[in-house]
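S.K.: Listed below are the residues making up each chain.
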Amino acid sequence: MNTLVDDLRSALDPVRVRTGPSELSLYRRDASNMEGSASVVCLPQTTAEVQACVRIARRHGVPFVPRGSGTGLSGGAVPLDGAVVIATSKMDQILRVDQLNRLAWVQPGLLNLDLSNRLHHLGLHFAPDPSSQQTCSIGGNVANNSGGPHCLAEGVTASHVLAVQVVLPDGSITMLGGEEPEPAGYDLRGVFVGSEGMLGIATEVCVRLTQNPPGVKTMLMDFASVEDGAATVSGIIAAGMVPAAVEMMDQLCLQAVEAYIHADLPVDSAAALLVEVVGLPNGLEADVERIVAIAQTHRVKTVRVAQDDDERALLWKGRKSAFGAIARIKPNYYLHDTVVPRSKLPEVLAKVYEIASRYELQVLNVFHAGDGNLHPLLVYDAREIGASERVHLAGQEIVRVSVEAGGVLSGEHGIGLEKRDYMPLMFSEIDLAAQQALRCAFDPAGLANPGKVLPSPASCGDIHSVPEGVWI
Amino acid sequence: MDLNDFAEEVGSSGPVTIAGLATRGGPVEDVRPVMAPVGIEWMQPDEMTVCCGAGTPVEELDAALAAHGQSVAIPPTGTVGGALAVGQSGIRRLGYGPVRDTLLQARYVNARGEIVKAGGPTVKNVSGFDLCRLLVGSHGTLGFLGDVILRTRPRAEHEQWFVTTDDPESVMLQLYRPTSVLWDGTSTWVLLEGDHRDVDAQADRAQLSRSDPPAELPMGGRWSVAPSTIPSLVGSGRFVAEVGVGIVHHEHPRPVSAIDPSVVELHRRLKHEFDPTERLNPGVDVLSLG
Numbered sequence: 133m134n135t136l137v138d139d140l141r142s143a144l145d146p147v148r149v150r151t152g153p154s155e156l157s158l159y160r161r162d163a164s165n166m167e168g169s170a171s172v173v174c175l176p177q178t179t180a181e182v183q184a185c186v187r188i189a190r191r192h193g194v195p196f197v198p199r200g201s202g203t204g205l206s207g208g209a210v211p212l213d214g215a216v217v218i219a220t221s222k223m224d225q226i227l228r229v230d231q232l233n234r235l236a237w238v239q240p241g242l243l244n245l246d247l248s249n250r251l252h253h254l255g256l257h258f259a260p261d262p263s264s265q266q267t268c269s270i271g272g273n274v275a276n277n278s279g280g281p282h283c284l285a286e287g288v289t290a291s292h293v294l295a296v297q298v299v300l301p302d303g304s305i306t307m308l309g310g311e312e313p314e315p316a317g318y319d320l321r322g323v324f325v326g327s328e329g330m331l332g333i334a335t336e337v338c339v340r341l342t343q344n345p346p347g348v349k350t351m352l353m354d355f356a357s358v359e360d361g362a363a364t365v366s367g368i369i370a371a372g373m374v375p376a377a378v379e380m381m382d383q384l385c386l387q388a389v390e391a392y393i394h395a396d397l398p399v400d401s402a403a404a405l406l407v408e409v410v411g412l413p414n415g416l417e418a419d420v421e422r423i424v425a426i427a428q429t430h431r432v433k434t435v436r437v438a439q440d441d442d443e444r445a446l447l448w449k450g451r452k453s454a455f456g457a458i459a460r461i462k463p464n465y466y467l468h469d470t471v472v473p474r475s476k477l478p479e480v481l482a483k484v485y486e487i488a489s490r491y492e493l494q495v496l497n498v499f500h501a502g503d504g505n506l507h508p509l510l511v512y513d514a515r516e517i518g519a520s521e522r523v524h525l526a527g528q529e530i531v532r533v534s535v536e537a538g539g540v541l542s543g544e545h546g547i548g549l550e551k552r553d554y555m556p557l558m559f560s561e562i563d564l565a566a567q568q569a570l571r572c573a574f575d576p577a578g579l580a581n582p583g584k585v586l587p588s589p590a591s592c593g594d595i596h597s598v599p600e601g602v603w604i
Numbered sequence: 004m005d006l007n008d009f010a011e012e013v014g015s016s017g018p019v020t021i022a023g024l025a026t027r028g029g030p031v032e033d034v035r036p037v038m039a040p041v042g043i044e045w046m047q048p049d050e051m052t053v054c055c056g057a058g059t060p061v062e063e064l065d066a067a068l069a070a071h072g073q074s075v076a077i078p079p080t081g082t083v084g085g086a087l088a089v090g091q092s093g094i095r096r097l098g099y100g101p102v103r104d105t106l107l108q109a110r111y112v113n114a115r116g117e118i119v120k121a122g123g124p125t126v127k128n129v130s131g132f133d134l135c136r137l138l139v140g141s142h143g144t145l146g147f148l149g150d151v152i153l154r155t156r157p158r159a160e161h162e163q164w165f166v167t168t169d170d171p172e173s174v175m176l177q178l179y180r181p182t183s184v185l186w187d188g189t190s191t192w193v194l195l196e197g198d199h200r201d202v203d204a205q206a207d208r209a210q211l212s213r214s215d216p217p218a219e220l221p222m223g224g225r226w227s228v229a230p231s232t233i234p235s236l237v238g239s240g241r242f243v244a245e246v247g248v249g250i251v252h253h254e255h256p257r258p259v260s261a262i263d264p265s266v267v268e269l270h271r272r273l274k275h276e277f278d279p280t281e282r283l284n285p286g287v288d289v290l291s292l293g
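Sequence order for the protein chains is A and B. Residue 133 is where the first sequence starts when you use the working numbering, and the numbers rise one by one after that. Residue 4 is where the second sequence starts when you use the working numbering, and the numbers rise one by one after that.
For the record, the hints were derived by calculation from the structure and aren't laboratory data. Fair warning: there could be bad hints in the mix.
[What the hints assert, rightly or not] Only pairs whose alpha carbons sit at most 30 angstroms apart, straight line, appear in this in silico DSSO-like list of lysine-lysine:
1. K483(A) with K433(A)
2. K483(A) with K120(B)
3. K433(A) with K476(A)
4. K120(B) with K476(A)
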């Protein structure tokens, strides 16, 4: 009998079936700090080749792991138990653009920012803009239902995907969703988005495109307390405005970034808000006035409205440079991702500071305040004895206090391996059984990226033999 | 009635159907009907969320949200649960998005009579599989919605319908984010929202005339087509098409289209996983509805 690798090499150009130790090592992890082991890495160029990889893996009873750019932060693309990695990086073409109806068909390996850059001359863009948008792929965005600063007004990836052509775990090719708005039946497109590679592999994606705004106003406002900043955010939303983005940086973050990029940031303030509104000129001016007035009722210290594109770019550079800046403090960081109701931001942030201080860690907060999406950055030196353990324990507590405050486990990074075992914090056994039922309908054999998202799943055949009301 | 009572009523055996205000076809005939809890549990305008029983009339929810200058992007009749279970959008979908994007969290009763939570209470959430999107449009065949948390949206300061005889393509290219663009083969109606000065300026630029909303929409069938195929509807009968969306309100029933066998098989397996004895809304075939 042929080996797995022999079969793959007969289906794909052998140079795109890699087994070298350095490559296997490269593909055993994503951007998280978790590691697995791959038996072989495949780089298909077509849907038919993806199908061949899935069929061969299935025939050999070996699990497969879909992979985009490997920028995920929750271990979703980490191969477990010698899985076949199917990387879509060589499938990176824009297949078709419909300017009038504002949609595009793309291959999954296309990079997020490349898509928007290449649509710029049409006045269109792809709205989800994760911080990793220069390197993350559209397929990865689909798998993780990715967000980004501008998802406050526009919604996350699920709102921007109309259809996915997929190779299902049984090796068949089908289309979920469509250009038409209400395809018959269940919203299979909807459940596929965010399924972290556990329901199949996307081989073509039909994305909705968004008109570039005719006008943009970006402002930086700073406050003497986190409470005032958070109250300003709630005040803006309650007043009926949904800015394109509302980002918050706390003092440690402001100081770290200022030392790095010298953008004249308000380093003496407890928190700063970066608020961006977009639209037509009159509405835009009115929104800026109302936002400043709301900030004033919450004791804003200074308001800086970007006067031109350069200044706007500089303000955003402050927000986006946080990760570079922290390298000046400590060599390692662990980025968390939870969501809490906006009204609970001050309370939860206070707890985050308390947790970090108890574990003798520095924490910087730079996050999507508009939708309550916290991103505490724990900075540490992995060479210090016990540091990694302290980071891990502190992270656990941060997740717990977020959920206890009425929040959720993840706002945009996904569950993957990182938060799989935290799922019971948010879901009962009955809730998890329903998620497992979805998984079983798509992948009864359990070969598509197993071991992620769902804690200790039962095998699919067992489900209906369990006594009523009981779950294993 | 609270959620626990509702779950008890659904029970764990025997055929059962979900009833609301019967604005979308009503419950399955000759099957024991149950009704979901009614009433708004809480509203959090500064979180842009609201929680209510699935049996709450959309009108009641809308009136309560209006007091806070907000609304939800679901069509105006029947119950909230019915609107979600059917999943059809209203004519403002171009601006407001589909119904499926409004549901953040659902607590539903499954075929075993258990209460199941799907999704989460915050606008942003990627914790686990997105069962909420599976429930929207599932016509009560996988579970009965008990209570839901919905994403709200601010009401615009100003809105105005316009009309023109220009073709919809040129209208679409001239406007920034219209809320609705409708076309009957001759006239194009446009709904603009926002600051009244911006609305007027956009309308002037595209040479639109103020008008009433289009008169009654044809009720023979609700078609769902790729928006790029809308121009080819001319000659098919009387219609009003939602430009940029692809919903067509047509005098004739929706043409039957073939469904991929893999998709049919996924539906069969999903139904089997969620409702193995086919007791929930028995006989309802979601693939043949529309």
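S.K.: Find the hints from earlier in the document that the structure breaks and name them by number, from lowest to highest.
M.R.: none
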